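Protein chains: 2
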Amino acid sequence: MAAANLIDGRAIAAQIQSELVARVAVLKSAGVIPGLAFVRVGEDPASKVYVGRKEKACAELGIVSETHLLPQAATEVELLALIAKLNATSHLHGILVQAPLPKQICESVIFSTVLPTKDVDGFHPVNVGKLMLGDHTGFRPCTPAGVVELLIRSGVKTEGAEVVVLGRGNIVGKPMAAMLCQKGQAANSTVTICHSATRDIKAHCLRADIIVAAMGVAEFLKADMVKPGAVIMDVGVNRVPDATSKTGTKLVGDVDFANVQPIAGRITPNPGGVGPMTIAMLLQNTVHAAELKIKS
Amino acid sequence: MAAANLIDGRAIAAQIQSELVARVAVLKSAGVIPGLAFVRVGEDPASKVYVGRKEKACAELGIVSETHLLPQAATEVELLALIAKLNATSHLHGILVQAPLPKQICESVIFSTVLPTKDVDGFHPVNVGKLMLGDHTGFRPCTPAGVVELLIRSGVKTEGAEVVVLGRGNIVGKPMAAMLCQKGQAANSTVTICHSATRDIKAHCLRADIIVAAMGVAEFLKADMVKPGAVIMDVGVNRVPDATSKTGTKLVGDVDFANVQPIAGRITPNPGGVGPMTIAMLLQNTVHAAELKIKS
Numbered sequence: 069m070a071a072a073n074l075i076d077g078r079a080i081a082a083q084i085q086s087e088l089v090a091r092v093a094v095l096k097s098a099g100v101i102p103g104l105a106f107v108r109v110g111e112d113p114a115s116k117v118y119v120g121r122k123e124k125a126c127a128e129l130g131i132v133s134e135t136h137l138l139p140q141a142a143t144e145v146e147l148l149a150l151i152a153k154l155n156a157t158s159h160l161h162g163i164l165v166q167a168p169l170p171k172q173i174c175e176s177v178i179f180s181t182v183l184p185t186k187d188v189d190g191f192h193p194v195n196v197g198k199l200m201l202g203d204h205t206g207f208r209p210c211t212p213a214g215v216v217e218l219l220i221r222s223g224v225k226t227e228g229a230e231v232v233v234l235g236r237g238n239i240v241g242k243p244m245a246a247m248l249c250q251k252g253q254a255a256n257s258t259v260t261i262c263h264s265a266t267r268d269i270k271a272h273c274l275r276a277d278i279i280v281a282a283m284g285v286a287e288f289l290k291a292d293m294v295k296p297g298a299v300i301m302d303v304g305v306n307r308v309p310d311a312t313s314k315t316g317t318k319l320v321g322d323v324d325f326a327n328v329q330p331i332a333g334r335i336t337p338n339p340g341g342v343g344p345m346t347i348a349m350l351l352q353n354t355v356h357a358a359e360l361k362i363k364s
Numbered sequence: 069m070a071a072a073n074l075i076d077g078r079a080i081a082a083q084i085q086s087e088l089v090a091r092v093a094v095l096k097s098a099g100v101i102p103g104l105a106f107v108r109v110g111e112d113p114a115s116k117v118y119v120g121r122k123e124k125a126c127a128e129l130g131i132v133s134e135t136h137l138l139p140q141a142a143t144e145v146e147l148l149a150l151i152a153k154l155n156a157t158s159h160l161h162g163i164l165v166q167a168p169l170p171k172q173i174c175e176s177v178i179f180s181t182v183l184p185t186k187d188v189d190g191f192h193p194v195n196v197g198k199l200m201l202g203d204h205t206g207f208r209p210c211t212p213a214g215v216v217e218l219l220i221r222s223g224v225k226t227e228g229a230e231v232v233v234l235g236r237g238n239i240v241g242k243p244m245a246a247m248l249c250q251k252g253q254a255a256n257s258t259v260t261i262c263h264s265a266t267r268d269i270k271a272h273c274l275r276a277d278i279i280v281a282a283m284g285v286a287e288f289l290k291a292d293m294v295k296p297g298a299v300i301m302d303v304g305v306n307r308v309p310d311a312t313s314k315t316g317t318k319l320v321g322d323v324d325f326a327n328v329q330p331i332a333g334r335i336t337p338n339p340g341g342v343g344p345m346t347i348a349m350l351l352q353n354t355v356h357a358a359e360l361k362i363k364s
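Residue numbers (our numbering), protein chains in the order written: chain A, 69 to 364; chain B, 69 to 364.
Calculated directly from the structure, the hints in this document are not laboratory data. It should be emphasised that the depicted structure is a prediction, and the values quoted were computed from it without experimental measurement. One or more hints might be untrue.
Copies of the same chain look alike in the list, so a pair counts if it works inside one copy or between any two.
In silico BS3-like cross-links for lysine-lysine, where the CA-CA straight-line distance does not exceed 30 Å [what the hints assert, rightly or not]:
(1) Lys-225 <-> Lys-270
(2) Lys-290 <-> Lys-270
(3) Lys-251 <-> Lys-295
(4) Lys-363 <-> Lys-295
(5) Lys-171 <-> Lys-251
(6) Lys-225 <-> Lys-361
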């Protein structure tokens with residue numbers, strides 16, 4: 069997979085993490101160790117894997133993390149009480165509540181309860197609103213912020229580019245569109261948001277200079293939907309059957325990588341593209357939260 | 069101008085205001101008179117006109133309004149002190165700070181200071197964030213909410229429609245796109261946001277079923293940019309020279325109305341289209357704020 073058009077998310081994430089080392093050192097010399105709390109509810113296997121990776125990345129950078137685990141049957145009141153405690157804990161600069169949460173708990177209630185100044189996931193309405201308003205004082209959600217960093221560091225020009233965002237979710241699609249359409253660096257694109265009610269997704273994709281695939285549909289984007297030379301960012305994480313694997317399944321993205329890669333201008337592999345950037349942006353947000361704490 | 073394809077904003081706004089009469093009566097029978105504070109800074113002529121119209125509409129509906137005028141040289145601290153007082157005044161359910169503000173005052177600081185529960189303009193980051201997240205517990209900004217109401221009450225189908233929003237401002241363009249792309253009634257459209265950096269606005273407009281013109285450029289949308297049968301919503305308010313008028317100027321929209329109207333499926337006149345709806349939505353938000361106060 070060493071094709072010349074690959075955007076190596078692992079290498080770029082490693083570069084960002086190496087840049088953060090100096091910032092963490094400055095914090096430590098000021099007596100501050102960045103602290104991040106993870107909250108998991110229940111035993112969702114993917115959540116365990118995600119939080120495990122984030123814990124490891126924190127440890128490597130010198131961010132102190134702690135993980136709080138509530139049982140699958142935990143009530144919303146119990147989770148709110150935990151968040152209130154973490155909000156009030158001064159050595160914790162960031163709080164990440166890993167989704168999905170069990171059905172008895174309303175995610176939007178939870179995300180609105182994390183202090184905006186500790187909301188390193190960028191999910192609190194205040195931070196979402198600031199993003200939309202072009203106010204850069206809030207935290208940006210990690211996955212779309214990671215896509216923007218990949219575009220910048222790969223030299224992809226977004227100014228005036230035709231961008232199609234596939235998917236209108238709160239975690240990727242909507243903030244991605246808001247980031248790329250606004251004025252500024254790595255923005256100023258003409259953005260179209262496509263989704264399940266779009267009449268002709270293929271026509272939109274065929275005119276796009278950049279496609280961000282975040283539908284959550286395995287290998288949705290086929291080669292005949294892509295303009296030669298287009299830049300393809302694959303955000304999807306889908307588990308599909310695979311008879312050749314020990315587990316009987318494998319992970320694939322929202323892009324039919326094998327067939328799209330030969331005609332794309334640049335493309336993220338998956339895994340190894342957007343995924344590592346989500347973690348790098350979480351680390352960056354956490355370091356930033358600690359820096360703000362010092363300034364305040 | 070009684071052409072069959074006109075969307076009569078004055079009539080639809082009057083209909084909405086007549087529907088609000090019953091809700092105001094219920095509030096009054098519960099001992100609550102909806103109260104709205106207007107804040108103006110300086111003597112911007114357009115702001116005077118806008119606030120005057122809103123005051124009149126409040127009076128007609130039985131909303132008690134009061135207008136606070138600060139001098140052109142007022143400081144941000146003075147305005148913040150006034151807003152703090154209005155936030156704490158229990159008979160005021162809504163606060164509207166009329167933009168534009170003088171240069172020494174940061175609008176985003178001011179809009180973030182109005183209590184979200186009194187933010188009947190829908191400009192506070194919490195309300196903007198809720199809008200983007202599809203959380204219907206916040207206040208929607210009046211102008212794009214008015215456009216949505218016009219579409220609903222004119223029977224325009226938005227499901228699967230190709231929508232082009234011209235302009236990416238915080239007051240109309242961005243929230244308009246967010247409202248129309250999400251799931252739900254009068255939404256589910258495929259939205260493209262065009263702006264000053266868009267390469268080929270004409271091509272986007274020509275494929276649109278619905279165009280919302282909010283660029284702030286007089287008569288920007290010409291007939292050769294419109295697909296026959298398209299629905300045209302004109303949000304623009306631009307003052308241009310007019311030798312035939314006593315003042316030497318006249319107001320025009322962002323649409324070349326005379327030439328676009330013959331080919332449009334439906335079109336808002338301007339004035340008399342979107343403008344009256346902005347006021348109707350402000351009244352609706354204020355009544356809603358008073359209703360929420362009773363429930364809480």
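Hints and how they fare:
| no. | hint | verdict |
| --- | --- | --- |
| 1 | Lys-225 <-> Lys-270 | both (23 Å within a copy, 22 Å between copies) |
| 2 | Lys-290 <-> Lys-270 | both (9 Å within a copy, 28 Å between copies) |
| 3 | Lys-251 <-> Lys-295 | both (25 Å within a copy, 28 Å between copies) |
| 4 | Lys-363 <-> Lys-295 | neither (47 Å within a copy, 54 Å between copies) |
| 5 | Lys-171 <-> Lys-251 | between (39 Å within a copy, 21 Å between copies) |
| 6 | Lys-225 <-> Lys-361 | neither (34 Å within a copy, 49 Å between copies) |
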